[in-house]
Amino acid sequence: MSQPLSGHLLRGHHRDWQVLPAEGRDHISGRIKAGRSRPGVTRFDPRCFLDEEDVLIELALLGVERIAPVYRLGPDGTRVHGFIEGVPLSALRPPGSPLTGGELDQLTALFGELARIPPVAMALVHRCPVPGRPRTSRDFLRGLVAFTRRRVYARHGRPLAGLFQTLGVDPDVLSVTSPLTREAARMTNRPFCLLHGDLHRDNLIVAEQDGQLWTIDWELAMVGDPLYDLATHLHLMDYPERQQQAMTLRWAGAVEERLPGAAEGLPRDLPRYLAYKRVQSVFTDVIRQAVAVREAPAGQLAERLATAGTMVSRALHRAERPLGLGRVPSPGVVEGVYAAFSAGTPMPPAPPRAKPEPAKARRAAPAPPSAAAGRAAPAATRRAARATASPRERSGSG
Numbered sequence: 001m002s003q004p005l006s007g008h009l010l011r012g013h014h015r016d017w018q019v020l021p022a023e024g025r026d027h028i029s030g031r032i033k034a035g036r037s038r039p040g041v042t043r044f045d046p047r048c049f050l051d052e053e054d055v056l057i058e059l060a061l062l063g064v065e066r067i068a069p070v071y072r073l074g075p076d077g078t079r080v081h082g083f084i085e086g087v088p089l090s091a092l093r094p095p096g097s098p099l100t101g102g103e104l105d106q107l108t109a110l111f112g113e114l115a116r117i118p119p120v121a122m123a124l125v126h127r128c129p130v131p132g133r134p135r136t137s138r139d140f141l142r143g144l145v146a147f148t149r150r151r152v153y154a155r156h157g158r159p160l161a162g163l164f165q166t167l168g169v170d171p172d173v174l175s176v177t178s179p180l181t182r183e184a185a186r187m188t189n190r191p192f193c194l195l196h197g198d199l200h201r202d203n204l205i206v207a208e209q210d211g212q213l214w215t216i217d218w219e220l221a222m223v224g225d226p227l228y229d230l231a232t233h234l235h236l237m238d239y240p241e242r243q244q245q246a247m248t249l250r251w252a253g254a255v256e257e258r259l260p261g262a263a264e265g266l267p268r269d270l271p272r273y274l275a276y277k278r279v280q281s282v283f284t285d286v287i288r289q290a291v292a293v294r295e296a297p298a299g300q301l302a303e304r305l306a307t308a309g310t311m312v313s314r315a316l317h318r319a320e321r322p323l324g325l326g327r328v329p330s331p332g333v334v335e336g337v338y339a340a341f342s343a344g345t346p347m348p349p350a351p352p353r354a355k356p357e358p359a360k361a362r363r364a365a366p367a368p369p370s371a372a373a374g375r376a377a378p379a380a381t382r383r384a385a386r387a388t389a390s391p392r393e394r395s396g397s398g
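Numbering (UniProt numbering), first residue to last: 1 to 398.
Read the hints as simulated data drawn from the structure, not as lab findings.
We treat Cβ as the ideally placed atom computed from N, Cα and C, and that holds for glycine.
It is possible that part of the hints are untrue.
For each label pair, taking beta carbons as the anchor points, the in silico distance ranges come out as [unchecked claim]: (1) A185 - A154: 19 to 25 Å; (2) G326 - P98: 32 to 38 Å; (3) R72 - E241: 44 to 50 Å; (4) I57 - Q165: 41 to 47 Å; (5) L104 - A343: 43 to 49 Å.
Under the rule of at most 25 Å between Cα atoms (straight-line distance), these lysine to any residue pairs were calculated in the SDA-like manner [said to hold, decoys possible]: (6) K33 - G74; (7) K33 - R47; (8) K33 - E208; (9) K33 - R79; (10) K33 - E53; (11) K33 - I57; (12) K33 - G86; (13) K33 - V206; (14) K33 - V87; (15) K33 - D54; (16) K33 - V19; (17) K33 - A207; (18) K33 - R201.
Just need the whole structure built from these sequences, with the hints factored in.
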């Protein structure tokens with residue numbers, strides 16, 4: 001996600017960007033942007049590639065369209081991106097609003113393009129150690145839960161254990177015996193392909209040049225289960241319910257055409273990935289907002305406390321069921337929790353936890369499709385789409 005700072009500066013989660021004219025460079029048309037890593041930024045998602053530029057170059061070689069070109073400048077070959085002139089889709093279609101049919105068509109085509117890129121096509125730039133790479137969808141989800149447990153909570157959230165406890169969040173939701181992890185063992189295995197990993201309204205640019213959607217911010221791209229890319233997209237896009245259902249059906253048809261088997265088990269497994277994404281967002285937002293509040297200048301503390309209240313309460317609301325919350329604290333209550341955290345005073349008691357669901361209810365799931373969802377089970381796919389509908393909220397993890 002990129003947010004304007006001032007003038008020709010842009011701030012992303014992981015890098016700051018300077019937008020510059022390409023004067024005197026005949027091989028470049030338009031402006032360019034040069035990135036600089038932001039030191040000390042906490043990463044909440046696994047990464048398969050060291051540099052976004054590596055991904056963009058490979059995509060260009062594979063014929064993927066409407067992505068930023070990469071150029072080398074100067075004697076040291078510094079790599080910069082072509083700047084896509086336009087506005088983020090979020091500026092025209094705010095979260096919760098529907099997209100046009102043409103915009104849905106373009107997103108569907110993008111998912112189809114990604115489905116045709118197998119892991120071997122990215123082998124030269126894939127940096128994850130080969131022995132540790134997941135081979136099945138089951139291992140893929142287990143690995144995601146383990147990453148959030150070890151690399152997010154254990155490294156950055158454990159010092160905030162009191163904050164999580166006060167908000168009613170039990171870190172054991174990420175344990176190896178948790179329902180999230182147990183559900184991973186029930187996943188249908190699907191063939192892997194390239195994933196964008198962070199496809200939301202701020203990472204889609206409506207270009208001035210042609211009015212088409214251009215895709216930016218490939219830093220969280222990875223190789224894995226294509227259904228995870230759909231779950232991440234639905235979680236971040238905040239579609240109206242009917243359009244979420246339509247996008248799920250479109251996705252199933254597009255990926256099955258390019259990668260047979262990619263939509264197998266969709267009705268059962270999409271809710272599993274969405275449960276993980278909602279839990280992951282809680283850990284991400286609790287930690288990010290704690291850092292923002294802790295580092296707030298005195299004049300900005302009230303504003304950051306209000307933001308923390310809104311963001312964390314919404315994330316908790318979306319993850320209410322997988323977290324087993326009995327009552328979700330309101331934005332005002334969460335703001336009070338963060339105010340006490342900031343002041344170092346005792347925090348209010350945690351909300352009550354929900355009673356465990358009966359084992360039979362926990363095992364209940366939509367009936368699996370009789371064949372790949374994209375070609376023979378549209379009714380089952382529609383049931384899955386309805387089951388994944390969620391309250392309006394956009395909580396990023398990238």
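Each hint, compared with the structure:
Checked against the hint of 19 to 25 Å, the pair A185 and A154 passes, with Cβ atoms roughly 22 Å apart. At about 34 Å, the beta-carbon gap between G326 and P98 stays in the expected band of 32 to 38 Å. Roughly 46 Å separates the CB atoms of R72 and E241, a value that falls within the hinted 44 to 50 Å. Under the hint 41 to 47 Å, the C-beta atoms of I57 and Q165, about 46 Å apart, fit the expected range.
Between L104 and A343 the CB atoms are about 47 Å apart, so this pair conforms to the stated range of 43 to 49 Å. Proposed proximity of K33 and G74 is supported: the alpha carbons are some 14 Å apart, at most 25 Å. Under the criterion of a C-alpha separation no larger than 25 Å, the hint pairing K33 with R47 is consistent with the structure, at around 22 Å. The suggested pairing of K33 with E208 holds, with an alpha-carbon distance near 17 Å, which does not exceed 25 Å.
A C-alpha spacing of about 9 Å is found between K33 and R79, which places the hinted pair at or below 25 Å, so the restraint holds. A hinted pair counts as satisfied when its Cα atoms are at most 25 Å apart, and K33 with E53 qualifies at roughly 12 Å. The suggested pairing of K33 with I57 holds, with an alpha-carbon distance near 16 Å, which does not exceed 25 Å. Only pairs whose Cα atoms come within 25 Å are accepted, and K33 paired with G86 is accepted, the gap being roughly 14 Å.
At roughly 17 Å between alpha-carbon atoms, K33 and V206 fall within 25 Å of each other, so this suggested pair holds. For a cut-off of 25 Å, the pair hint linking K33 to V87 stands: about 15 Å separates their Cα positions. Note on K33 and D54: the hinted pairing holds, with a Cα-Cα distance of about 16 Å set against a maximum of 25 Å. For the hint pairing K33 with V19, the CA-to-CA distance comes to about 4 Å; that is within 25 Å, so the pair holds.
Of the supplied pair hints, the one linking K33 and A207 holds, its CA atoms being roughly 16 Å apart against a limit of 25 Å. This hinted pair checks out: K33 and R201 have alpha carbons roughly 20 Å apart, not beyond 25 Å.
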